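Protein chains in written order, with full-length UniProt numbering: chain A, 1 to 633; chain B, 1 to 303.
Please keep in mind that the hints were generated in silico from the structure rather than gathered at the bench.
Note that the structure is a prediction, hence the values are computed from the model and not measured.
Keep in mind that the hints are not guaranteed to be accurate.
Said to hold, decoys possible - Once the Cα atoms are required to be at most 30 Å apart in a straight line, the calculated DSSO-like pairs of lysine-lysine come out as:
| id | chain 1 | residue 1 | chain 2 | residue 2 |
| --- | --- | --- | --- | --- |
| 1 | B | K30 | A | K424 |
| 2 | B | K50 | A | K26 |
| 3 | B | K177 | A | K424 |
| 4 | B | K162 | A | K387 |
| 5 | A | K594 | A | K424 |
| 6 | B | K5 | A | K21 |
| 7 | A | K26 | B | K145 |
| 8 | B | K5 | A | K26 |
| 9 | B | K75 | B | K263 |
| 10 | B | K145 | A | K209 |
| 11 | A | K387 | A | K531 |
| 12 | A | K245 | B | K5 |
| 13 | A | K107 | B | K5 |
| 14 | A | K424 | B | K162 |
| 15 | B | K145 | A | K107 |
| 16 | B | K145 | A | K424 |
Said to hold, decoys possible - Pairwise CB distance ranges, derived in the manner of DEER restraints:
| id | chain 1 | residue 1 | chain 2 | residue 2 | range |
| --- | --- | --- | --- | --- | --- |
| 17 | B | K177 | A | M492 | 39 to 47 Å |
| 18 | A | M492 | B | K162 | 46 to 54 Å |
| 19 | B | L274 | A | W222 | 34 to 42 Å |
| 20 | A | G459 | B | S155 | 51 to 59 Å |
| 21 | A | S320 | B | K177 | 24 to 32 Å |
| 22 | A | A13 | B | S155 | 45 to 53 Å |
| 23 | A | G183 | B | K162 | 39 to 47 Å |
| 24 | B | G127 | A | N595 | 36 to 44 Å |
| 25 | B | G127 | A | D402 | 26 to 34 Å |
| 26 | B | R79 | A | L259 | 29 to 37 Å |
| 27 | A | D600 | B | G85 | 54 to 62 Å |
| 28 | A | K286 | B | L274 | 53 to 61 Å |
As the list claims (entries may be wrong) - Where chain A lies over chain B, by a calculated footprint (3+ residues, C-beta under 8 Å):
| id | segment |
| --- | --- |
| 29 | 163–172 |
| 30 | 193–199 |
Cβ coordinates follow ideal geometry from the N, Cα and C atoms, glycine included.
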Amino acid sequence: MTDPIYKTDALIADDIDQYLKVHEHKTMLRFITCGSVDDGKSTLIGRLLYDSKMIFEDQLEALQADSKKVGTQGQEIDFALLVDGLAAEREQGITIDVAYRFFATEKRKFIVADTPGHEQYTRNMVTGASTADLAVILIDARKGILTQTRRHSYLAHLIGIRNIVLAVNKMDLVGYDQAVFDGIVKDYAAFARSIGITAFTPMPISGFKGDNITGLSPNTPWYRGPALIEHLETVDVNSAADADKPFRMAVQWVNRPNLDFRGFSGQIATGSVRPGDAIRVLPSGKTSTITRIVTLNGDLEEAVAGQSVTLCFADEVDCSRGDVIAASDSPPQVADQFEATIVWMADEEMLPGRSYWLKIGTQTVTATVQQPKYQVNVNTMEQLAAKTLELNAIGVANLSTDRQVVFEPYADNRTLGGFILIDKITNATVAAGMLHFSLRRAQNVHWQATDVSRDFHAGLKNQKPAVLWFTGLSGAGKSTIANLVEKRLARMNRHTFLLDGDNVRHGLNKDLGFTDADRVENIRRVGEVAKLMTDAGLIVITAFISPFRAERDMVRQMMQPGEFIEVHIDTSLADAEARDVKGLYKKARAGQLKNFTGIDSPYEAPEDPEIRIDTADMTAEEAAEAIVARLIP
Amino acid sequence: MADVKTLTHLERLEAESIHILREVVAEAEKPVMLYSVGKDSAVMLHLARKAFYPSPPPFPLLHVDTTWKFQEMYKLRDRMAQESGMELLVYHNQEAMDRGINPFDHGALHTDMWKTEGLKQALNLHGFDAAFGGARRDEEKSRAKERIFSFRTASHGWDPKKQRPELWNLYNARKHKGESIRVFPISNWTELDIWQYIHLNNVPIVPLYFADIRPTVERDGMLLMVDDDRFPLMPGETPVMRSIRFRTLGCYPLTGAVESTAKTLPEVIQETLLTTTSERQGRAIDKDAGGAGMEKKKQEGYF
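The shape of chain A in the complex, shown without the other chains:
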């Protein structure tokens, strides 16, 4: 019923060379479609593919057959079947992941991120939106603005999409009634203003019938346009705005084929660069001048945001992966503490205090996130108090990194402001985040250099500082053995201190409970105390269950190389429970004690501890002797 957009235009048949010339200059727009399950999202995308002739005869035949078999549109073609992909999803009749579709018109190539509408899939929508220039928010004309509409609009705005199309779909089912359309647009405008969306483009459409998709529909004479495709073809793309900003490029790889060539490869995030430009390498702050922009097709006179290039400098300046090359006169900031919005994407909740990998641009550092300041209810935009973030939760929190990070606020620069968090044990991508600003603390709190050094402290005591980190199930014998070890060391005139789990919880950590998040914080504090004590030259002995590998590794990272000695007091759960010195297992089994390690909270045994004590093989005295022998051979 509608004309295909991608008219097999006369030029293809008549003058293919001319046609190709015209198409060399096409630009590209990436957009996402967001809507609820029944808003007709897949139908709209199927329609765009169909109208732009991205569907071939063999696919169309399959589609017609499928439409009759499993379609929801009776004998008519069910366009949604074109885009609902994986087998399991097909059976359920819903899209459950991000899928990317492609079509093109005379003016532009389009990449559509098809993102699902259910609440539990915030993660997918944020993923699809992160690369989009524009968002199409679909509304069912019969239903008006729903909770999902608000959620999708909030997320699109959060991720920085400035072009929003409000597509009021299924206009055919409300008799193309202008009053219905106007009412929805008015409601939406009020909501949009409340969350900071300053402009949007509303249009009445029918994905199923094709109204106002490729051209203006005679069914809506009251609508002056634009049609959806016309708007998509002409709206500004992000990369154009990025080119106006100061120059920044994150270095991906140093190109060094021989001693005569040293180039720095990366994709330009913002701005442009020319030979002769003064640049600054961050975080070091060293400066130089661009001499060449090297490509396989010859040197360039200029390169702009979005291009992948290789740059050469006039001077031998230190520069490697993770560094950022920037315009010398307006460099980005460097900091190690930030406020950020975090979108949690993993089944396992965020643990404040746990260390994660943070990847931003080409920099990968260790980061810890503090307890969220608040969580946002994505349906009502209310700010709620939160101790952690669960799957699909969005919150604002402070985070700190173990090294200086070159960054810009996300609102100014997606590349230097957007980051992901990676679980150090599973390697899963657990969160996406957007930096707001660096904390003033980070700018004003500096390390105070002291004259009496840690070596001096250790030298006075005539010993090498160390941390003997005991880990094991409750009742394994950690405190008993640790006590014996300290007595032996004291007899050898060593300066020691024993940090015991129960004792610390009476003072320093009395505000902490036994949830996963509190256990992480408990260990972090003990780690920091142990670190100060090693700085003072002591041999520190700690006796904590410390059930998580990630936190033990975190403490290991805090210490000087070789100073952290992990001692696994290895007892089977059955033995520990049989012993049950404090009667805790009995309570836990009776359900009176929650989050008890080994019962309803996991214990992650060390994979490669420096010392392993099998309590079935030796007495506590023998164990202490073995540990001391290992420490002081």
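Following the hints, complete the assembly by docking chain B onto the known chain A.
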């Protein structure tokens, strides 16, 4: 600023692909590029040469061969390895070789043993932890949801529910020992993008993509080319000379030709634009196991 430049769609695609290639080289221990000698591989190889110029791409090319490719493909393969200055590794599944597995007698088993098993064996043999592949999302429905970095277990399995979210251009390439990543740098390219890019950059491709008079037989509605004398002719069957070309290239007994007179790239593109069937239509492999054919193959470890 005076002249702000908006990149064309091909410039944006190229920049994205180069970024991906460099990220993998920076983060993986031992990457390799799977080179199938088709047009997509040709573009991927060209992008790799651009990404690392003036260095040669810092990884080898791996061709998982079935011994049943077109002769012209072997010729171009060897030439491109030499021109790019890259090491070429050719792998043959020894068991398939010994058992004489071939596309005429063994059907799906041929693809399974030579390609799927062959690929796993080759990756294990060399210990590659990242492999570039030239798959595109527009090729087939289940590919549309594939990530650019696709994680495989130590046994090369693919679990569509366990793939990592990919935000912005941040790729998480971390993995455990034994696990590997398949990386698809040209995920976002369409068939037409590929052709336009080949045209604009003079990327060398196998001459079979252009029409010529070639010996053919017609079977099950597919036009097959008699590429060598291993092609068993049915009683009474004689090859007919036809003007044909190929839209995709694989094992010659499994790859259908189209009748065509398009002898130049613009003519090929013209035909592509005017055509009414999808490019994988000439491939027998997608028809196995109904609509979910490719998805099932992927879970088993096919690219």
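Now the hints, each set against the structure:
1. K30(B) with K424(A): Between K30(B) and K424(A) the Cα gap is close to 21 Å, so the pair holds against 30 Å.
2. K50(B) with K26(A): 22 Å, holds
3. K177(B) with K424(A): Distance of about 14 Å is within 30 Å: holds.
4. K162(B) with K387(A): OK: K162(B) and K387(A) at ~27 Å, within 30 Å.
5. K594(A) with K424(A): Since the Cα atoms of K594(A) and K424(A) sit roughly 27 Å apart, the hinted pair holds (cutoff 30 Å).
6. K5(B) with K21(A): Given pair K5(B), K21(A) holds - Cα atoms ~18 Å apart, limit 30 Å.
7. K26(A) with K145(B): 25 Å, holds
8. K5(B) with K26(A): Satisfied, since the Cα-Cα distance of roughly 13 Å is no more than 30 Å.
9. K75(B) with K263(B): 20 Å, holds
10. K145(B) with K209(A): Holds, at about 27 Å.
11. K387(A) with K531(A): 27 Å, holds
12. K245(A) with K5(B): 13 Å, holds
13. K107(A) with K5(B): The given pair, whose Cα atoms are some 16 Å apart, holds under the 30 Å limit.
14. K424(A) with K162(B): 17 Å, holds
15. K145(B) with K107(A): 26 Å, holds
16. K145(B) with K424(A): 26 Å, holds
17. K177(B) with M492(A): 39 to 47 Å: 40 Å, holds
18. M492(A) with K162(B): 46 to 54 Å: Since the Cβ atoms of M492(A) and K162(B) sit about 52 Å apart, the hinted range of 46 to 54 Å holds.
19. L274(B) with W222(A): 34 to 42 Å: Once the Cβ atoms are compared, 38 Å apart, the range 34 to 42 Å for W222(A) and L274(B) holds.
20. G459(A) with S155(B): 51 to 59 Å: Given a distance of about 54 Å, which is inside 51 to 59 Å, the answer is holds.
21. S320(A) with K177(B): 24 to 32 Å: Since the Cβ atoms of S320(A) and K177(B) sit about 25 Å apart, the hinted range of 24 to 32 Å holds.
22. A13(A) with S155(B): 45 to 53 Å: 51 Å, holds
23. G183(A) with K162(B): 39 to 47 Å: 44 Å, holds
24. G127(B) with N595(A): 36 to 44 Å: Given range 36 to 44 Å: holds, Cβ gap about 42 Å.
25. G127(B) with D402(A): 26 to 34 Å: Hint holds: Cβ distance 31 Å, inside 26 to 34 Å.
26. R79(B) with L259(A): 29 to 37 Å: 30 Å, holds
27. D600(A) with G85(B): 54 to 62 Å: 59 Å, holds
28. K286(A) with L274(B): 53 to 61 Å: Since the Cβ atoms of K286(A) and L274(B) sit about 56 Å apart, the hinted range of 53 to 61 Å holds.
29. 163–172: Coverage by chain A holds here, the residue count being 8 at a Cβ distance below 8 Å.
30. 193–199: holds (count 3)
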